[in-house]
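Fit chain B to the supplied structure of chain A, relying on the hints for placement.
In order, the protein sequence lines correspond to chains A and B.
Position 208 (the first sequence) corresponds to 208 in this note's numbering; numbering is contiguous.
Position 175 (the second sequence) corresponds to 175 in this note's numbering; numbering is contiguous.
Since the hints were derived computationally from the structure, they do not count as laboratory data.
This one's a predicted model, so the numbers in the text were calculated from it and none came from an experiment.
Incorrect hints may have been included.
[To be verified] Cross-link-like lysine-lysine pairs, in silico, DSSO-like; alpha carbons within 30 Å at most:
no.	chain 1	residue 1	chain 2	residue 2
1	B	Lys179	B	Lys80
2	A	Lys131	B	Lys92
3	B	Lys92	A	Lys68
4	B	Lys105	B	Lys179
5	A	Lys240	B	Lys105
6	B	Lys231	A	Lys240
Listed below are the residues making up each chain.
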Amino acid sequence: MSEEVTAEILHTHILDLAADGRRLDGRGPDEYRPITVEPGFVTTADGSALVRIGETIAVAGIKLELGKPFPDTPNAGVLTTNAELIPLSSPTFEPGPPQPGAIEVSRVVDRAIRAAETVDLAALCVTPGEKSWVCYVDVHMLGHDGNLIDAALLAAVSALSRATVPAKRFGVAEADYPLQVHHVPIECTFVRLGETIVVDPTFDEEHAAQGRLTVATDEAGRVVAMQKGLIGAFSPEDVKATVRRAFVHGERLRGLAAGRSG
Amino acid sequence: MGSVGAKEVPVLLDAEGRRIDGRKLDELRPIQIRAGPLPQADGSAFVEWGANKVMAAVYGPREVHPRHLQQSTKAVIQCKYNMAAFSVDERKRPGLDRRSQEISKVIGEAFESVVFAEEFPRTSIDVYIEVLQANAGTRCAGLVAASVALADAGIPMADLLPAVAVGKIGGQIALDLKKEEDNFGEADLPMALVPQSGRLVLLQMEGHMTEPELAQALDLGVVGCRAIYEKMKEALRERYSVAPIAPIAPEAA
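In isolation and in its complexed conformation, chain A is listed as follows (with noise of 0.2 Å):
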């Protein structure tokens, strides 16, 4: 119970600080924690990345193997995207089957990845109809503190765009490759905090926000995706303006998976 009332009270104050346009850790409503991309990170994979996003840590990992294309899309690889949350990440994490929060990071991240065109599918297919890469993009968070969507994507993303087609290992080229990446979507994630609305929410923030929204944005200055979470409205004139708030900090983030120092 005790814990419940100092959360009843954290909540109020952070609320009470977004009024006045403040933050518990002293940033601006449209400003991101420090954010670090470091590429290469696990060498068992074809491809990889560490993100951190304050204390939010996400770890992206790409294997390609061989398979066989879908039946209705004969001439295109196959991509798969899952976000893990272990329960090392946080005292809130239980073992098991994944609840429903971690789905909707696994499918969020996924539907930006796929609605980008982040890889160029038909490149991955080998023989139409017979053999093609199957490209697995596994994240796993090591951190929670908040915003898991945003860490996942940029990880992924960071990954993908340094992975190499293993070609060689499976004896169907002389050679490896790099993989072809098409589009860099950068998702951003804001909550509403009474009238306010912040970019990058911690833990706590998330918790005493009322509602969250996530919008993808690729470099071709396309939204691709958008997801609305936790309880709470947006009305369309916020939408719109976090849209494109959106479009400035993804440009920024694209950076960061690129490589350039932010």
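Frame of chain A; chain B shown alone:
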């Protein structure tokens, strides 16, 4: 969603800007809502929307199962969206898949945004959505059905929740996509509106839209939701209206 290697892409918009079923870009499919078809449930509704058939039932407020989900300050809303195995062309494997779980979560959160849950602490309001026949837009049809079912169950809430999906076909923003338009269109954006506040409590999007297109889609969706809202109110009025009372004969002077 412009899938790679798809056989043939049908023409979604003809020269006159008509859609494959003859609709205009801002036209909804025919929608019929019936409140209270299931006498066993505390509240229920059946929605036929284009070729979608969706049933929703509400039970509660009642005891929470499993018990540990119980909250001391408010009711929990447990929403289960499910597609019948026979609801789609290729049989869907029954049971919980990740898509259904995500949809259940976002619909549940939408209702938690409007239901006065704090009036029923330590209880559960269970919302079941069963898609019997699917033709794109089932989460919106399910949300509309569930919202009418919640009202039918007498659950107090800020407002009904009309919902609709807006999409992009042949480069144009279009209201309420049907299956072919959803499969071969360029974007899909389902939303649910709280009509009285003008705010959105469900919003998802997949595909490609520019910033101005997205703004246009949001505005078109709001108009669509308001039209659905009228249908929802009509269904509830029909269920709960009584025959007008015959005027009392004037007393003989």
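Structure-based check of each hint:
1. B:Lys179 <-> B:Lys80: This hinted pair holds, its Cα atoms lying about 23 Å apart.
2. A:Lys131 <-> B:Lys92: Holds - the C-alpha atoms of Lys92 of chain B and Lys131 of chain A are around 25 Å apart, at most 30 Å.
3. B:Lys92 <-> A:Lys68: OK: Lys92 of chain B and Lys68 of chain A at ~21 Å, within 30 Å.
4. B:Lys105 <-> B:Lys179: Cα-Cα ~23 Å, so holds.
5. A:Lys240 <-> B:Lys105: 24 Å, holds
6. B:Lys231 <-> A:Lys240: 28 Å, holds
When held up to the earlier numbered hints, the structure conflicts with none and fits them all.
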